[in-house]
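Asks: Quick mapping for you: the protein sequence lines, in order, are chains A and B. Taken in order, the first sequence gives residues 2 to 374; the numbers are from my numbering. Taken in order, the second sequence gives residues 42 to 340; the numbers are from my numbering.
Take these hints with a grain of salt, some might be off.
[Claimed, not checked] A few chain B residues facing chain A, derived, Cβ under 7 Å:
#1 Arg69
#2 Asp72
#3 Gln76
If you're looking for bench data, these hints aren't it; they were derived computationally from the structure. From the three backbone atoms N, C-alpha and C, an ideal C-beta is built for every residue, glycine too.
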Amino acid sequence: MSTPIRSLVLGLLAITCAGALASAQTPVRTAASSDSLHVWLDSLRNDPNGAHVDEQSLHLGHQTVAAGQHLTGDIVAVRGNLDVEGTVDGDAVAILGDVILHPGSKVGGDAVAIGGHVRNDGGTVGGEMRSVSAFSTAPAAAAPPVSTARATWRLLSLALGWFVVLAVLGLLTLLLTRSNLDTVAERIRADFTRAFLVGLLGEFALLPALVLSLVVLAITVVGIVLIPFAIIGFFLAAAGLLALGFLAMSYVSGESIMERGAASAPVRRAPAGYVLLLGLSLYFALWVVGALFTWAGVLGALIRLAAAAVTWAAVTVGFGAALLSRGGTRAHAPTPGPLAPPPEQDYSWETPTPVTGVAAAPRRTPVANPKDL
Amino acid sequence: MPRMVHHVVGLAAAAALCAPTARAQTWRTVDASRQRQSADSVLHVRVEYGAGEVSLAADSTPLLYDVRLRYDAERYAPTRHFDPAARTLTIGLDREGMSRLARARREFGVSDAERGNGTPNRLALGLAPNLPLDLMLNLGAVDADLDLSHLWLDRLVLRSGASDVKLAFGTANPRRLALLEILGGAASIRVSQLGNANAQHVRVRTGAASVDLDFSGAWAGDMTVDLATALGDATVRIPPNVGVRIVMRKLLGDLGSSDLHFTKRDGAYESDNWPDAPHKLTIDARTVLGDLTVRRTTP
Chain A
2 MSTPIRSLVL GLLAITCAGA LASAQTPVRT AASSDSLHVW LDSLRNDPNG
52 AHVDEQSLHL GHQTVAAGQH LTGDIVAVRG NLDVEGTVDG DAVAILGDVI
102 LHPGSKVGGD AVAIGGHVRN DGGTVGGEMR SVSAFSTAPA AAAPPVSTAR
152 ATWRLLSLAL GWFVVLAVLG LLTLLLTRSN LDTVAERIRA DFTRAFLVGL
202 LGEFALLPAL VLSLVVLAIT VVGIVLIPFA IIGFFLAAAG LLALGFLAMS
252 YVSGESIMER GAASAPVRRA PAGYVLLLGL SLYFALWVVG ALFTWAGVLG
302 ALIRLAAAAV TWAAVTVGFG AALLSRGGTR AHAPTPGPLA PPPEQDYSWE
352 TPTPVTGVAA APRRTPVANP KDL
Chain B
42 MPRMVHHVVG LAAAAALCAP TARAQTWRTV DASRQRQSAD SVLHVRVEYG
92 AGEVSLAADS TPLLYDVRLR YDAERYAPTR HFDPAARTLT IGLDREGMSR
142 LARARREFGV SDAERGNGTP NRLALGLAPN LPLDLMLNLG AVDADLDLSH
192 LWLDRLVLRS GASDVKLAFG TANPRRLALL EILGGAASIR VSQLGNANAQ
242 HVRVRTGAAS VDLDFSGAWA GDMTVDLATA LGDATVRIPP NVGVRIVMRK
292 LLGDLGSSDL HFTKRDGAYE SDNWPDAPHK LTIDARTVLG DLTVRRTTP
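Make the full structure from the sequences, and use the hints.
Replies: Laid out in structure tokens, this is it:
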């Protein structure tokens with residue numbers, strides 16, 4: 002085994018052992034490092050499995066309540082065992098130690114061991130005997146704040162992850178159901194405002210529509226069986242329409258960018274995949290910028306808010322277009338406009354017809370008396 | 042020098058690999074018990090348990106109760122409270138609120154497996170024998186093994202969301218069980234030796250859960266069962282010395298029996314030994330899609 006690999010294995014072993022030794026005592030260790038009785042007291046008081054004890058009752062190290070001794074309050078041994086041979090009217094607590102109740106001992110309150118055990122060898126406890134592996138509430142106080150670099154990295158990875166997922170989904174859509182994507186995109190181009198309004202309405206109607214469907218199914222006895230399938234089907238359909246709509250919107254956005262570029266310098270018509278990725282990049286660029294500005298505090302939050310607003314608008318328009326086109330299966334029929342006047346006919350090429358002298362209708366003549374005939 | 046660099050690099054790499062694991066030590070255990078007092082008269086027990094394993098049995102030590110709980114502190118918060126005045130023990134294991142959820146989301150780099158989700162939460166509850174008990178169990182999605190042997194039951198309500206529940210009356214209940222109610226959503230509920238329950242009336246309601254009711258045991262009197270199922274099947278096991286009369290209302294379900302012979306009389310199905318059986322079981326059954334199967338147990 003080469004030296005680096007051996008070092009890696011040894012390191013792994015060492016850290017695994019350290020982790021195993023740490024076990025569930027992480028919060029206790031955290032508190033211990035502060036080495037302050039106040040930390041122990043707060044943890045003990047805030048923990049639902051702890052105890053409400055007086056500050057004066059805390060003592061570092063092993064403690065003993067001797068036989069015949071009578072304590073009127075509580076007693077807490079921190080980082081040591083608590084041997085009770087006499088009487089404690091209040092709570093008897095050990096933190097990182099055991100509470101040992103010797104024969105004849107009496108505890109009026111609770112006997113509590115945090116990070117240890119309560120061992121009853123013949124004592125009497127008026128309250129509860131509790132053995133708790135570690136404080137439950139300490140991690141909240143001890144949780145380290147997330148660093149800016151880590152937060153930036155998380156937001157970046159989230160944005161890039163979504164970009165990759167949607168890019169793959171978009172390319173698959175282009176490959177397999179190109180016509181649906183084109184139809185939805187055509188809808189967006191043809192009627193952007195209507196698509197947005199329909200999308201908005203659709204988003205609001207999603208939940209009521211699901212509830213209504215379930216109610217209808219529940220009314221019929223046989224329909225109850227279909228409810229789980231209906232829920233899954235509904236969510237799949239909604240997610241599909243949202244994704245298709247957003248991809249179509251990205252495609253249209255990509256096209257728009259390409260056209261602007263082409264206006265200044267004519268280029269060849271780009272492949273559809275390239276256009277789609279360009280459009281997607283436009284939206285995710287906002288998220289990436291927002292992530293990169295995490296250090297800027299409010300400014301970063303505002304950028305992310307703007308990214309969310311833009312993305313939501315795009316999703317809404319796309320969703321509306323997908324709804325209007327029934328998932329890209331119904332092509333857009335252009336609305337008929339006002340009738341254009343018929344084109345003026347040019348008769349110049351025809352041979353002029355003499356009008357003068359040509360009888361347009363038979364001339365009326367007086368009818369003779371039939372008797373004269 | 043190069044060897045030292047190798048060691049440092051190795052340790053750094055190991056630390057990087059182990060960092061999420063070291064952060065994932067979130068399992069907690071709580072053992073809580075209370076000594077029995079001479080003045081103890083009745084104990085009310087309320088259990089609200091969301092997910093994991095639950096076991097319940099009579100405790101052999103002179104304790105009023107003995108709770109042993111193991112849970113994931115990152116996702117669940119235990120609640121345990123004893124009200125000495127009302128003689129009520131409340132035990133719960135609920136999902137944590139939003140603050141903890143938010144903290145967990147901050148740490149989304151740690152996978153579920155690293156958090157120790159492979160090991161379920163566990164609650165082991167021991168209760169004092171020979172003490173009247175009022176027991177109410179609300180179980181979410183759990184595997185429950187409830188052995189009620191040697192317990193004195195005055196009242197038992199079991200509500201199960203999607204739990205696999207095994208409920209056993211191993212010994213005869215010396216107290217009259219005033220209320221025995223079993224409500225099941227999904228999964229399965231199996232009750233054995235219901236004859237020992239000393240209940241006059243049993244109420245069973247299930248949605249998609251299958252229910253298996255075994256009425257063997259030492260019968261103290263006649264019993265009626267109000268059984269309603271929607272999608273799940275119900276199986277009723279009748280000992281030889283018990284006569285059974287079934288009033289069945291069904292939509293698409295059916296009544297089946299391979300080893301009992303029934304005679305239809307006054308709209309009800311009566312077993313052959315109904316007129317002269319020492320103990321009688323009357324079942325009022327309503328099913329929608331599930332079947333009701335009646336079987337005779339061997340003595």
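Asks: Hint by hint, where does the structure go against what was stated? Just the numbers, ascending.
Replies: The structure conflicts with no hint, since it agrees with every one listed earlier.
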